[in-house]
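Spelled out from the first residue to the last, the chains are:
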Amino acid sequence: DAKTTQPTSMDCAEGRAANLPCNHSTISGNEYVYWYRQIHSQGPQYIIHGLKNNETNEMASLIITEDRKSSTLILPHATLRDTAVYYCIVTTGGNQFYFGTGTSLTVIP
Amino acid sequence: DGGITQSPKYLFRKEGQNVTLSCEQNLNHDAMYWYRQDPGQGLRLIYYSQIVNDFQKGDIAEGYSVSREKKESFPLTVTSAQKNPTAFYLCASSFWDQPQHFGDGTRLSIL
Numbered sequence: 001d002a003k004t005t006q007p008t009s010m011d012c013a014e015g016r017a018a019n020l021p022c023n024h025s026t027i028s029g030n031e032y033v034y035w036y037r038q039i040h041s042q043g044p045q046y047i048i049h050g051l052k053n054n055e056t057n058e059m060a061s062l063i064i065t066e067d068r069k070s071s072t073l074i075l076p077h078a079t080l081r082d083t084a085v086y087y088c089i090v091t092t093g094g095n096q097f098y099f100g101t102g103t104s105l106t107v108i109p
Numbered sequence: 001d002g003g004i005t006q007s008p009k010y011l012f013r014k015e016g017q018n019v020t021l022s023c024e025q026n027l028n029h030d031a032m033y034w035y036r037q038d039p040g041q042g043l044r045l046i047y048y049s050q051i052v053n054d055f056q057k058g059d060i061a062e063g064y065s066v067s068r069e070k071k072e073s074f075p076l077t078v079t080s081a082q083k084n085p086t087a088f089y090l091c092a093s094s095f096w097d098q099p100q101h102f103g104d105g106t107r108l109s110i111l
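First to last, the protein sequences are chains E and C.
Position 74 of the first sequence, counted from 1, bears residue number 74 in our numbering, the numbering being contiguous throughout.
Position 108 of the second sequence, counted from 1, bears residue number 108 in our numbering, the numbering being contiguous throughout.
Hints were generated in silico from the structure; no laboratory data involved.
Since this is a predicted model, take the numbers as computed values, not measurements.
Treat the hints loosely; a few may be bogus.
Negatives, chain C to chain E, calculated, CB over 10 Å [said to hold, decoys possible]:
#, residue
1, Glu15
2, Val19
3, Glu24
4, His29
5, Leu43
6, Arg68
7, Glu69
8, Lys83
9, Pro85
10, Gln98
11, Arg107
12, Ser109
13, Ile110
Estimated spans, in silico, between C-beta atoms of each pair [said to hold, decoys possible]:
#, chain 1, residue 1, chain 2, residue 2, range
14, E, Pro21, C, Phe12, 36 to 46 Å
15, E, Ile108, C, Lys14, 23 to 33 Å
16, E, Arg81, C, Arg107, 20 to 30 Å
17, C, Lys83, E, Asn57, 34 to 44 Å
18, E, Arg81, C, Asp38, 21 to 31 Å
19, E, Glu14, C, Ser22, 17 to 27 Å
20, E, Thr106, C, Asp38, 15 to 25 Å
21, C, Ala61, E, Thr106, 31 to 41 Å
22, E, Gly29, C, Gly16, 46 to 56 Å
23, C, Glu15, E, Thr101, 24 to 34 Å
24, E, Met10, C, Asn26, 11 to 21 Å
25, C, Lys83, E, Arg16, 38 to 48 Å
26, C, Gly3, E, Gly29, 28 to 38 Å
27, C, Gly3, E, His40, 37 to 47 Å
For every residue, glycine included, the Cβ atom is placed at its ideal position computed from N, Cα and C.
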């Protein structure tokens with residue numbers, strides 16, 4: 001069941017920040033926001049997740065709005081290896097991970 | 001290295017044949033999952049298992065079967081009842097309510 005809305009595709013110049021938006025207006029109080037990415041013909045790779053606070057790790061930053069109805073994944077310095085499909089998922093965990101069609105990010109040299 | 005290993009990477013099935021896809025993890029995760037991905041589409045859950053000797057159907061279980069005899073292993077059998085088996089199959093594992101970690105998939109095609 002689609003609980004998130006993401007743009008179909010985006011481009012980003014190499015070395016610039018990539019900002020990937022996600023709308024999840026029906027998110028419940030106990031649902032987390034997760035981000036994964038999938039490089040062609042590989043399994044999805046976990047990036048980051050959060051509940052309501054902004055989160056940062058070595059891969060990316062996750063900014064969640066105060067009303068939790070949308071979020072943005074930020075890749076601070078995009079490289080060609082960041083070209084992939086990025087999935088935004090809202091979930092309570094377990095078997096409730098629904099991967100939609102995501103955003104296809106192309107990093108341009 | 002800890003991780004999830006799927007084999008084989010490519011698999012071909014003849015009409016009327018059952019095939020089994022292997023998934024092994026050494027992350028000590030309790031839960032394991034099987035997903036199917038069709039070209040240009042998202043992932044759909046086939047089966048999942050929270051603990052050894054227990055598994056549950058996902059959204060598209062018809063034509064598939066699984067077993068969970070060991071914590072490390074969760075093989076998926078694509079039976080002859082699955083009429084459209086050509087797809088990319090992904091296995092994942094996790095501690096329940098924690099991020100799922102995926103293998104690199106098996107691509108199944110029909111001869």
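Q. Do the beta carbons of Arg81 of chain E and Asp38 of chain C sit within 21 to 31 Å of each other?
A. holds, 25 Å
Q | Assessment of proposed distance window 17 to 27 Å (beta carbons of Glu14 of chain E, Ser22 of chain C) | A | violated, 38 Å
Q: Mind verifying the non-interface call on Arg68 of chain C? Its CB should be farther than 10 Å from each CB in chain E.
A: holds, 14 Å
Q: Take the C-beta atom of Lys83 of chain C and the C-beta atom of Arg16 of chain E, compute their distance, and say whether it sits inside 38 to 48 Å.
A: At roughly 46 Å between Cβ atoms, Arg16 of chain E and Lys83 of chain C fall inside 38 to 48 Å, so the hint holds.
Q | Consistency of beta-carbon spacing, Lys14 of chain C to Ile108 of chain E, with hint 23 to 33 Å | A | Cβ of Ile108 of chain E to Cβ of Lys14 of chain C: about 44 Å, so the range 23 to 33 Å is violated.
(Q) If I take the minimum Cβ distance from Glu69 of chain C to any residue of chain E, is it greater than 10 Å? (A) holds, 20 Å
Q: State, for the Cβ atoms of Gly3 of chain C and His40 of chain E, whether the hinted interval 37 to 47 Å holds or is violated.
A: violated, 20 Å
Q: Kindly confirm whether 11 to 21 Å is satisfied by the beta carbon distance between Met10 of chain E and Asn26 of chain C.
A: violated, 36 Å
Q: Would you check whether the claim that Ser109 of chain C is not at the interface survives, using Cβ distances to chain E and the 10 Å cut-off?
A: holds, 13 Å
Q. Would Leu43 of chain C pass as off the interface with chain E, using Cβ distances and a cut of 10 Å?
A. Answer for Leu43 of chain C: violated, closest chain E Cβ roughly 4 Å.
Q.
Assuming the hint says 20 to 30 Å, is it satisfied by the Cβ distance from Arg81 of chain E to Arg107 of chain C or not?
A. Holds, at about 22 Å.
Q) Hey, does Ile110 of chain C actually stay past 10 Å from chain E on C-beta? A) Check passes; 19 Å lies beyond 10 Å.
Violated hints, listed in ascending order, are 5, 10, 11, 15, 19, 24 and 27; each of the other numbered hints is respected by the structure.
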